[in-house]
Amino acid sequence: MGAQTTIEKLAILADAAKYDASCASSGTAKRHSTGGKGIGSTEGLGICHAYAPDGRCISLLKILLTNHCVFDCHYCVNRKSSNVRRARFTPQEVVDLTLSFYRRNYIEGLFLSSGIIKSSNHTMEQLVEVARSLREEHDFRGYIHLKTIPEADPELVHQAGLYADRVSINVELPTDAGLTRLAPDKNARQIEGAMGKLKSDIVEAKDNKRRFKHAPRFAPAGQSTQMIVGADAASDADIVGKASRLYDSFRLRRVYYSAFSPIPDASAVLPLKRPPLIREHRLYQSDWLMRFYGYQPQEVMQATEADGNLPLDIDPKLAWALKFRERFPVDVNRAGRDELLRVPGLGVRAVNRILASRRHRTMRLDDVAKLTVSIAKVRPFIVTADWRPVLLTDRADLRALLAPKQEQLELFAA
Amino acid sequence: MTALQHVKFGTYYVVAVPEADDFDFWRERARGLVQCDVPPDRVAWVEPGGSGNLFSHGDRGLPVPPADAPPVRASKAFVQLARSAICHSDPERFALLYRLLWRLQANPRLLEDGADPDVRRLDELARTVRRDIHKMRAFVRFRLVEDGDEEVGEHYVAWFEPEHHILRANAGFFVRRFANMKWSILTPQGSLHWDGAVLEEGPPARRSDAPSGDPTEDLWRKYYASIFNPARLKIGAMLKEMPRKYWKNMPEAALIPELVAGAQSRESQMVAAGTLEFDEKPDTLEAIDKAIHACRKCPIGSLDNHAVMGEGPQDAALMIVGEQPGDQEDLAGRPFVGPAGQLLDRHLENAGIDRRAVYVTNAVKHFKFVPRGKRRLHQSPTAKEIDTCRWWVESERAIVQPKLVLALGASAARGMLGRTVSISKARGAPIPLEDGSELWVTAHPSYLLRLDGAAREEQSRLFNADLAAVKKRLAELAG
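Residue numbers (full-length UniProt numbering), protein chains in the order written: chain A, 1 to 414; chain B, 1 to 479.
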């Protein structure tokens, strides 16, 4: 094998990184490069600089330092026993790529992860070196997300947090049994231990910052994690339960879900099935219900069907409303914020506008229609000055009436 | 810059706005007009290059507000929204803002009423502008120009075509982000130049003023193509956030058509790579049965279903081919046991054909469906999927060697012939197959199930006639 060029390595190491769903670049401390000697800024809101045909945003240069790995996790394209092409960047190459992409306004920053080479500590050192060089030598003030390695020395992980905006450790599978079966080299207790340590570092740094102006920042955009959906038998109820426990215990900013993808040279243990994209979507919707709509995890679980999975044909909010019809219809002119947020078809924005508007007028169905996307979806669940759903809420076939028409076959079929 | 021209036209005022995004100018004029009690329908606002110039010949100025005029009130929220909305390209925006300012004097909390048409329009304009500003931050692409001058160093230049008047509004962002870089942004509305210390505005530019390429774009395109996961094609989601109008100035967008086209085949390859490849056709029905269960040559095989093998005597003279197993066939693991199969059985009985003597199979071996809650809805296989599966049904035919094959429906006919035929034209006459046997085609019984009344009677009659012809032809071939 001759020496690989940068572009060949980039192809291999970007391809290897694409199974990580996160691409967020938002929610970090505000910075800009005025008065510095380098480039870069973060202004709260993340920016998606491009979108790939898979619908996912490209915000960060998301690559692995290397896809050589001593671990043998079945779901992973980079596992030891996989037959993929391997490549390895030096920290300097990653630094140069990041800066030359950033200068051309292609990216918000870097999301760096790596296969485990030599040892966990050695790998972690290399990751930290990239971030250190960007920050200290180049005064780079863009976004950095570092994947940390749970088995590495806590001191190294701590350094990562000093340079990075966000740190993350993937829990990978929703159940411990799944992890033991599919990721034999990983250990659930160790992963959660490392997440716990990160959480206390983040909390401590925030606390210091409040008291001392020059206290160092530690991962100002917090920590996140990722779970693979569809590689093991875990139901949506299991996954939602796990996610809410993670949010509570480790104060995660986000739990990402990644529909298991058929990977090249897959392990024989895995299903060779097309990823359940719609299932991933439903899980994200349930995540939003918990984070922005005030649903408790148990309530999301109530929306699941007998097999513990969320329905695929309708969204979880509608599923919940159809199960608890006695809570509807809700009077748009009187109901509180919490009740309005439960109405299928009313988002946070629409609810805010209704609450403001109704101080000025008695809301009629037409008025509500102006504030929402689809009045047809909302109608069976609300009462307005001129509208009462009468029998609609009780109709047995309401679900069929409200379920979206079939479209986007590629989501399900083929 | 044009001179400011205010025209009194009877009691009708014309205000010529000097710059399309000049909020401060609008605010000053609007304040004066409100103080002079000029209602919105008496004011016309004209932006640079606007057709309203027809009125702007006279220049007698706007009324001067009386010294004791009450102050004009506007909420902070309104000013914020108006600052964004003024950048919109809608020529009506100045008038809309004035109308809202006018109404705000009587109702200071007007903006809370989201159902009011003016408030909604303001919200819409501001939102569109904010989105355009955000998209400009995202989609500007700088290209490196080597000036050849050591002192100047690297100069990064971008060409961008914003939809609204947002260039100035966005200058701060690019200054803060690329404070220590020399850059220029060229647009048809004007240009910005930053040298590391001072921001300068320049005249409108043309695309040809911007550099045409940058070698780093090869790396970026490679990254774009590699980070894309072909197993999760979601073109709609991409288009929603990155509409086509932006593509022409993004180096990576040229790759999109080929990535989309290649995606499905790349995924099938990945899926297929995990299964056995057969180089030779299996020579027993048992071997076919085993092989089709592992077949992932097309995506149908990767759904949650089971292959359904044909059944019947290995030396049958008649082979009947359907489209694909349905829900019940998939569960039972046998062909033609569902409603269509039962209908077929009745018609076969009427025609005097003994199903037990017939080899019954399908053109496609797996059930293609979309999940709808707990139900699985049948989906027709694509031509490509049928052609892929021909390999199996041809293997079956090579072993059974029927004298006559009856294809039910267009999918089955394609499975036998490799091309699409019209049932209404092809039915009633034999089509010779390469091995000397004959193919007859007729409708699929599920077609009859979907009809009712006279149409069903008519199609049933045709179906029976086809079966009778097959029965007669079989007797001739046997004799």
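Just so you know, these hints were derived from the structure itself, not from any lab.
Positions of the beta carbon are idealized from the N, C-alpha and C atoms, including for glycine.
Please note that a few of the clues may not be correct.
To be verified - Residues of chain B clear of chain A, computed beta-carbon distances all greater than 10 Å:
1. A115
2. A237
3. M242
Stated by the list, open to error - Within a straight-line C-alpha distance of at most 20 Å, the following computed SDA-like cross-link-like pairs (lysine to any residue) qualify:
4. A:K30 to B:D195
5. B:K234 to A:I314
6. A:K370 to B:L110
7. B:K240 to A:H281
8. B:K374 to A:E280
9. B:K374 to A:H281
10. A:K37 to B:R120
11. B:K240 to A:G347
12. B:K374 to A:D307
13. A:K37 to B:K374
14. B:K240 to A:L45
15. A:K37 to B:W194
16. A:K377 to B:H155
17. A:K30 to B:H155
18. B:K374 to A:G308
19. B:K374 to A:L398
20. A:K370 to B:G172
21. B:K222 to A:E93
22. A:K80 to A:R181
23. B:K240 to A:G308
24. A:K30 to A:G308
25. A:K370 to B:S437
26. B:K222 to A:R86
27. A:K30 to B:R176
28. B:K403 to B:R372
(request) Assess, step by step, whether the Cα of K240 of chain B is no farther than 20 Å from the Cα of H281 of chain A, and give holds or violated. (result) Roughly 16 Å between the alpha carbons, so the hint for K240 of chain B and H281 of chain A holds.
(message) For K30 of chain A and R176 of chain B, compute the direct alpha-carbon distance and say whether it is at most 20 Å.
(response) 11 Å, holds
(message) Does H281 of chain A sit within 20 Å of K374 of chain B, going by the straight-line distance between their CA atoms?
(response) 18 Å, holds
(message) Can you confirm whether the C-alpha distance between K370 of chain A and G172 of chain B stays at or below 20 Å?
(response) 35 Å, violated
(request) Compare the distance between the alpha carbons of K37 of chain A and R120 of chain B with 20 Å, and conclude whether the hinted pair is satisfied. (result) Violated - the C-alpha atoms of R120 of chain B and K37 of chain A are around 44 Å apart, more than 20 Å.
(request) Sort out whether G308 of chain A lies within 20 Å of K374 of chain B, counting only the CA atoms. (result) Distance of about 13 Å is within 20 Å: holds.
(request) Decide, holds or violated, for the assertion that all CB atoms of chain A are farther than 10 Å from the CB of M242 of chain B. (result) 4 Å, violated
(message) Tell me if the straight-line CA distance from K30 of chain A to G308 of chain A falls inside 20 Å.
(response) Violated: K30 of chain A and G308 of chain A sit about 42 Å apart, past 20 Å.
(message) For a C-alpha distance cap of 20 Å, please report whether K374 of chain B and L398 of chain A respect it.
(response) 16 Å, holds
(message) What's the verdict on K377 of chain A and H155 of chain B, does the C-alpha distance respect the 20 Å limit or exceed it?
(response) At roughly 53 Å apart (the allowed maximum being 20 Å), H155 of chain B and K377 of chain A break the hint.
(message) Against the 20 Å threshold, does the CA-CA distance of K370 of chain A and L110 of chain B hold or violate the hint?
(response) 16 Å, holds
(request) Starting from K222 of chain B, check that the Cα of R86 of chain A is at most 20 Å away, please. (result) 17 Å, holds
This entry does not satisfy hints 1, 2, 3, 4, 10, 13, 16, 17, 20, 23, 24, 25 and 28, going by the numbered hints stated previously.
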